[in-house]
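*Asks:* For reference, each letter of the sequence shown is one residue, going 1 to 291 in the working numbering.
No wet-lab data here; the hints were simulated from the structure.
Watch out, some of these pointers could steer you wrong.
Stated by the list, open to error - Derived pair list, reagent style DSS-like, types lysine-lysine, alpha-carbon separation capped at 30 angstroms:
1) LYS226 - LYS151
2) LYS99 - LYS209
3) LYS174 - LYS151
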Amino acid sequence: MRKCLLPLLLILCACTEKIDIQSRSDYHDYLAVEATLTDRPEDPQRIILSRTISYFHTEAQPMVSGAFVKVNDVVFNEKENGVYEAPEGWSGKVGVEYKLRIRLSEGNEYEAEAMMPEPGFRMDAIDYAFAGDKTLGLDSLWTVGVWGYEKEIDSYYLGTHAVNGFYQPMEMAKVTDDKFFNHNEVAGFPIEPLMQSELLRKQYGDCYKYLEAGDEITLELWTLEKGYYEYLLALTMNSISIPLFTPQPANVPTNIRGEHVLGYFAVCPVARASVTVDDPFRPYFKRMFPF
Numbered sequence: 001m002r003k004c005l006l007p008l009l010l011i012l013c014a015c016t017e018k019i020d021i022q023s024r025s026d027y028h029d030y031l032a033v034e035a036t037l038t039d040r041p042e043d044p045q046r047i048i049l050s051r052t053i054s055y056f057h058t059e060a061q062p063m064v065s066g067a068f069v070k071v072n073d074v075v076f077n078e079k080e081n082g083v084y085e086a087p088e089g090w091s092g093k094v095g096v097e098y099k100l101r102i103r104l105s106e107g108n109e110y111e112a113e114a115m116m117p118e119p120g121f122r123m124d125a126i127d128y129a130f131a132g133d134k135t136l137g138l139d140s141l142w143t144v145g146v147w148g149y150e151k152e153i154d155s156y157y158l159g160t161h162a163v164n165g166f167y168q169p170m171e172m173a174k175v176t177d178d179k180f181f182n183h184n185e186v187a188g189f190p191i192e193p194l195m196q197s198e199l200l201r202k203q204y205g206d207c208y209k210y211l212e213a214g215d216e217i218t219l220e221l222w223t224l225e226k227g228y229y230e231y232l233l234a235l236t237m238n239s240i241s242i243p244l245f246t247p248q249p250a251n252v253p254t255n256i257r258g259e260h261v262l263g264y265f266a267v268c269p270v271a272r273a274s275v276t277v278d279d280p281f282r283p284y285f286k287r288m289f290p291f
């Protein structure tokens, strides 16, 4: 798994605090917590701690080192400056409640609870189709379709993709409810655009490369608890930045208890499927139109 979503819950409305920053010039030093865990034991489970910086400052966001980070009985060890990682092979499980505890070196403590929701979507397969050159101002555009089933529960999702293991950045991921699936069988639903642009590739890497035969496309659909969904929507309205909270957004909800803290603790099940490119210019979904 790449960076925590940036890499994943809300228990009661009364436990949810709102950070209300009056203006961009009214700067406070906040702890920024990126704590999104998944049910994928093959992916590293990471929690990232950093400090916010002023809107007008251009220096790198300082990472928070030397903290004690624990989820239930599992200690997350600091693998690099400000990045804390669970033991290899550990992951979350559906229906289990998790408690995050953070203690900074200066003694400040923070806590949050999260429960992984039931997966809302069963992903069976994906396929791709070429949408044309010079589309929407891009060098080229593909579409990824998905096959599967959306369960009869109200769900919220985050969709993201990778090309050859290179994931798109957080600010390009899509957050939505289940209105597109509406508790039905899904066959070839065009869920994700694959944009190719040399400008985007230089800025974000090979997730925006020109597709060639042999490339592997991976699609992920994260099921979100409603509170985390609302948190991501709030970030989107405040323009997501990387690292998160540079500069500080206003009125973003958090489920983390403690003084001067931003972020969200969430545990999400992830549906994932991949397809290997054979003919990058194939105009139709092969699974739906085999002729």
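*Asks:* A separate judgement is required for each hint: does it hold in the structure or not?
*Replies:* Hint check:
no., hint, result
1, LYS226 - LYS151, "16 angstroms, holds"
2, LYS99 - LYS209, "39 angstroms, violated"
3, LYS174 - LYS151, "20 angstroms, holds"
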